[in-house]
Amino acid sequence: MSLRRWSVTLLAALVALITIAPLLWMVSVSFMARGEAAQFPPPLWPASPTFDNYHLLFGSFGVGRFLLNSIFVSTLATALALLFTIPAGYAFAKLRFKGRDAIFRMLVAALVVPGQIGMLPLFLELKAMGLVNSYAGALVPWLAGIFGIFLVRQYCLSIPDEMLEAARIDGASEGQILRRIVLPILTPIIVTLALYVFLSSWNDFMWPLIILADQDLATLPVALAVNSRQNVQDYEIMMAGAVVTTLPVLILFLALQRYYLSGLLTGSVKG
Amino acid sequence: MSSPALAAILLFFVLPAAASLFLSFTDFDIYALADIGNLRFVGLANYERLLENPLFWKAMTNTLLFVGIGTPFIVALSLFAAMLVNSRWLQWRPVWRVALFAPYVTTLVATAVVWRYLLHTRYGLLNYLLSFFGVPPIDWLGSPTASLPAILLFVGWKTFGYNMIIFLAALQTVPRELDEAARIDGAGWFMRLRHVTLPAIGPTLLLVSVLTVAGMFQLFAEPYVMTQGGPAQSTVTILYFMYEEGFKWWNLGSGAAVAFLLFLCILAVTLVQLRLARRSGAI
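One line per chain: the protein sequences are U and W, in this order. Residue numbering for the first sequence follows my numbering, beginning at 1 and increasing consecutively. Residue numbering for the second sequence follows my numbering, beginning at 1001 and increasing consecutively.
Rather than coming from a laboratory, the hints here were simulated on the basis of the structure. From the three backbone atoms N, C-alpha and C, an ideal C-beta is built for every residue, glycine too. Some hints could be false.
Stated by the list, open to error - One-sided and incomplete, this derived list gives chain W residues near chain U with beta-carbon spacing under 8 Å:
(1) ALA1008
(2) LEU1084
(3) TRP1089
(4) VAL1114
(5) VAL1225
(6) LEU1252
Stated by the list, open to error - In the DMTMM-like style, the derived pairs of lysine to aspartate or glutamate whose C-alpha atoms are separated by at most 25 Å in a straight line are:
(7) LYS94/U x GLU165/U
(8) LYS127/U x ASP1179/W
(9) LYS1248/W x GLU125/U
(10) LYS1248/W x GLU165/U
(11) LYS1248/W x ASP216/U
(12) LYS127/U x GLU1244/W
(13) LYS127/U x ASP1027/W
(14) LYS1058/W x ASP1027/W
(15) LYS127/U x ASP1029/W
For reference, chain W alone in the conformation it holds in the complex (with noise of 0.2 Å):
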């Protein structure tokens, strides 16, 4: 019963993430896609030459930034709400939580777009909210060092409901008479959350970072829409560019280098997060 199933993935999944492997060896192009005959195996010349393109790096630099950066903020708006919402004192408690969910049921291209608008500079609302606490007007997709900011913004609007409702979880396992007695004890609302609250969900912590990690390093819809990986390729991450490479350009064993050194990058960061995950106690 298990094997249309398994022939699907076998067919549409697994031969095709290991022939990325085997293309990225070739150098499969336009001349290839029209005539099979033009193929010829060239080695680690692909990596080679991604090396030395400055646009490879620029678009991991950003991907590796929209990471660093974009985890940790994410991770804490989305435990931030989940505490909220997990309070005692909240009333009306199932209201919240479906509207700060809301957000990741939407059509990504489409809240993309609105959020083009929010984010305009002379028109958009960010901008005039701003404006009354004295902010001058930020040309948020229109400047390199504000354009990733402005798209993380968007992109943890987007997603923190989805960790959120996973910290909700972990947190309702966490016995109130542990909190209780910390305060008792004179602990103020850092120290519970730092030596109580934490700890005891450690593993989600650990999860919802794999996660997010997994998500930011697959970031492509958001520029396509937002910035077209502008300005001055400020926003062009690890997929754009592989997506340009590969059809847009039609460098496919090129496309599938880029792709299967995306693969390693997440590898090696979850190894990294499991590893600091195991040091720390949390697994």
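Isolated chain U, as found in the complex (with noise of 0.2 Å):
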């Protein structure tokens, strides 16, 4: 028996040390002197670490320009997109308005739609509006989270209507309610739901491309997408970009993992 334990644990190690072996050699790389990377055998550790990448990429390469750019988008894509989405959430759950389910079962049905497939109209539409080549425009595609009202709603459905029903005999207001006795119960989806919004906007691609047509508006994915296509010998700046651009993330989902798992779970048993 402890023979069996020890192999499926080796063979897990294993398939877990491959799996995260790209990301330890781009960080590894990162460290390198220039052109040390491009050798044959591939080096796997820096002979000497140095921070020189990081220098010319906050340098001349204006990182911190691009960093601030996406903690700002993501920052305030989640600050809207929970108060968007938290009220509907609610409503769809315990607030009884005409053609609530019909709305609802629409909702659902419209989570297998791709947002690509609107994304030429909705360029458009931004255009008409003024705001492409905006913060705003970024931003827009956030608003419409249908997910995240799935998810606030099948989280509000194990809230008892009779703790509802108590504050309004109370007199407190729809927003009261909402606020004082709703928000505390919802927070650990909240911050579930925070984290996954702030992660999906912090990766998002193809949007912030189109939209954010100015070199300066650019998010980390955007400016390092651009770079990786010019400057494609450059191994150690190209992986010192990549760990500026995925490690905050990393680190994010790794302090608050469990509330991410979890959220994944209630998000997709609904099959």
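Can you join these two chains into the complex? Each is in its own frame, and there are hints to help.
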């Protein structure tokens, strides 16, 4: 029995090592001297670790600007998504209004329609509104988060009606009920949703690429992709750029992974 | 309380998606972009021209290859990982679960850049590893036959953790006694997988397949960063084609037609999957 235990664990460790090897290698190469990675056999470890690539990245490449852009867009996307989806999710679970269930069924059906289908008309629509090349344009899709509404609704269903009814009898307005009673109960799912939107908007590529044509407005993934098409030979710099782009969300996930994984399951157990 | 969100969904999701169909019947191009007076209704002309465009068919074929090869590959990979992590003999389970999930939360563009170097013909780690098994260097991203498997390898690495978590939740509902009874009856590993595990997680298998198919139809950043659609257009996907049609050549009418065809493809494949699942009794 013990042999079996060790062999299974060893296999899992091996698979895990292979899985995170690209990420470890990315970090390792980012500390190498210029040109060091372009050797055979490929070095696994920097001969003398250096911060040169990061200095160059934040100096002449001006990555600090893109980092701030990304933080700004993702933070605002998260705040707006919460502001729009939490009341909606609560309403679909607990408030009675005309056509509620029919609208909700349509929303769930719309979950399978990829956002890219409407990308070209959305671009024209935002152009007419003067929002092309602005952060407002980049943020717009996050207001229409059907998945978030779904997630909040599922969680709200478990709130007992008697609790809300009692508050209503005490004369609380619907807004007060949402703020004072519902929001505290929803805390775990709000953390999940916030994390989900933040990571998704941080990692998003196609829409910011289209709507933020101005280089100064670019988010990290867009700036990295554009540069990677030009500086193909600069291994070490590109790896440092990849580290700056992906490390913040990786750390955020590791810190809050419990919330993320539980939310993923709430969202997927709908079929 | 739901009205702000519903208004946003109507304005920024439903309206554009519906307008896509309308746009696809017009010749919206750079001239119409400058002056809407140049816009003309052209009926099905965009669709006719697409069906005569070899690059459109190339993009279509490539995407169907991604779907056809990628879906079974990724579903199998995810299921294997989930069964490994679900094994009752496994120690320190949470550690392995997080490690295997980590690629999913990384930034796609960043890891695509990393993989472009991992797959480098001369200096890449993958070819270096393969050289120990006597495999000569493969020009992963430079050869029209290797580029698609190379991107699939990357996509599989990036996404299997997500499916694994969904599978893991389903596997935990399969009673251990059932598996144990089959083992005592002398059923081997594959027999138990085929007759005990898979039937028990049927609906989840369907869910993961549907999600993976949708994901495979939407590949864009991967070819954009790793191959720019090449070599010899072997990695131009439908979405990549739509992007170039719409935002490089500003043929928005034709691009919208591509978007609508993509939507029909996803719908058709999903319906086929549902029907297959129903016939096999999974749902």
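Structure-based check of each hint:
no., hint, verdict
1, ALA1008, "holds (4 Å)"
2, LEU1084, "holds (6 Å)"
3, TRP1089, "holds (4 Å)"
4, VAL1114, "holds (5 Å)"
5, VAL1225, "holds (5 Å)"
6, LEU1252, "holds (5 Å)"
7, LYS94/U x GLU165/U, "holds (11 Å)"
8, LYS127/U x ASP1179/W, "violated (59 Å)"
9, LYS1248/W x GLU125/U, "holds (18 Å)"
10, LYS1248/W x GLU165/U, "violated (56 Å)"
11, LYS1248/W x ASP216/U, "holds (20 Å)"
12, LYS127/U x GLU1244/W, "holds (18 Å)"
13, LYS127/U x ASP1027/W, "holds (18 Å)"
14, LYS1058/W x ASP1027/W, "holds (23 Å)"
15, LYS127/U x ASP1029/W, "holds (14 Å)"
Of the hints listed earlier, those the structure fails to meet are numbers 8 and 10, in rising order.
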